[in-house]
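Chemist: Sequence:
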Amino acid sequence: MVKLEPRRVETLTTLPGRPIDCFCRSKIKQPVVVGQLIAGIIIGPFGLGLIQNLNTINLLASLGIILLLFTVGLELDPLEIKKIGPDSFILAVVELTVTFITVTLVGLAVGLTQLEAVFAAAVVATTSTAIMSKILLETKSLRAQEAHTVVT
Numbered sequence: 218m219v220k221l222e223p224r225r226v227e228t229l230t231t232l233p234g235r236p237i238d239c240f241c242r243s244k245i246k247q248p249v250v251v252g253q254l255i256a257g258i259i260i261g262p263f264g265l266g267l268i269q270n271l272n273t274i275n276l277l278a279s280l281g282i283i284l285l286l287f288t289v290g291l292e293l294d295p296l297e298i299k300k301i302g303p304d305s306f307i308l309a310v311v312e313l314t315v316t317f318i319t320v321t322l323v324g325l326a327v328g329l330t331q332l333e334a335v336f337a338a339a340v341v342a343t344t345s346t347a348i349m350s351k352i353l354l355e356t357k358s359l360r361a362q363e364a365h366t367v368v369t
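Residue numbering for the sequence shown follows my numbering, beginning at 218 and increasing consecutively.
Hints should not be assumed to be uniformly reliable.
With beta-carbon atoms standing in for the labels, derived distance ranges [as the list claims (entries may be wrong)]: (1) F263 x T319: 42 to 48 Å; (2) V327 x F287: 33 to 39 Å; (3) I258 x I307: 30 to 36 Å; (4) L296 x G266: 15 to 21 Å; (5) L280 x V310: 26 to 32 Å.
What the hints contain is simulated information worked out from the structure, not anything from laboratory work.
All values reported here derive from a predicted model rather than from experimental measurement.
Every residue, glycine too, gets a C-beta built ideally from N, C-alpha and C.
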C-alpha cells in the first residue's frame, strides 16, 4: 500500500477544486471561502464523488479550523475583547438563535425532515462565525470595531 505524506494528501484532495475556487474569486468577486464551499460541494462525495474518503476530509477540515481560529486570535487585541465583551455575547446569542431558526425553517420548507433541518441548522449556526472570520481576514477588516464584536 502506498502511504502519502499529509501535505500531499491535502494537495491531492483540494486540487480538483482550484479552478472553481479561482473562478469564484476572479469572475464573480466572491471571497475565497465561497469558492472553497462551492468546490467542496461539487467534488465531494455528494457531488461528483471525486473525493470519497470522509475521514481524510474531516481531519483536514479540523486542522483548517484550528489554523483559521489561531490566525484570527493573532489579529485580536485582548483589551478590545474585554471592552466589547457584553455586546459580543448578546450579538452571539442573537446570531446563533436567528441563524438556527432561519435554517431550520428553510430546511423544512425545502422538504427536509425535522431532524435533518435541525441538524443542518446546527451545522450552519456553529460554522458561521468561522466562515465570517475567514472573510474578515481576507478583506483585511478584522481590526475594525464591528469585526471584533462579530468574531469574539
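Chemist: Check the following: the C-beta atoms of L280 and V310 are separated by a distance inside 26 to 32 Å.
Modeler: holds, 29 Å
Chemist: For the hint 42 to 48 Å, verify it against the beta carbon of F263 and that of T319.
Modeler: violated, 22 Å
Chemist: Against the range 30 to 36 Å, how does the distance between the Cβ atoms of I258 and I307 compare: consistent or not?
Modeler: Holds: the Cβ-Cβ distance is about 33 Å, inside 30 to 36 Å.
Chemist: Could you see if the CB distance from L296 to G266 stays within 15 to 21 Å?
Modeler: violated, 49 Å
Chemist: Does the beta carbon distance between V327 and F287 stay inside 33 to 39 Å, or does it fall outside?
Modeler: Holds: the Cβ-Cβ distance is about 35 Å, inside 33 to 39 Å.
Consistency with the previously given hints fails for numbers 1 and 4, ordered from lowest to highest.
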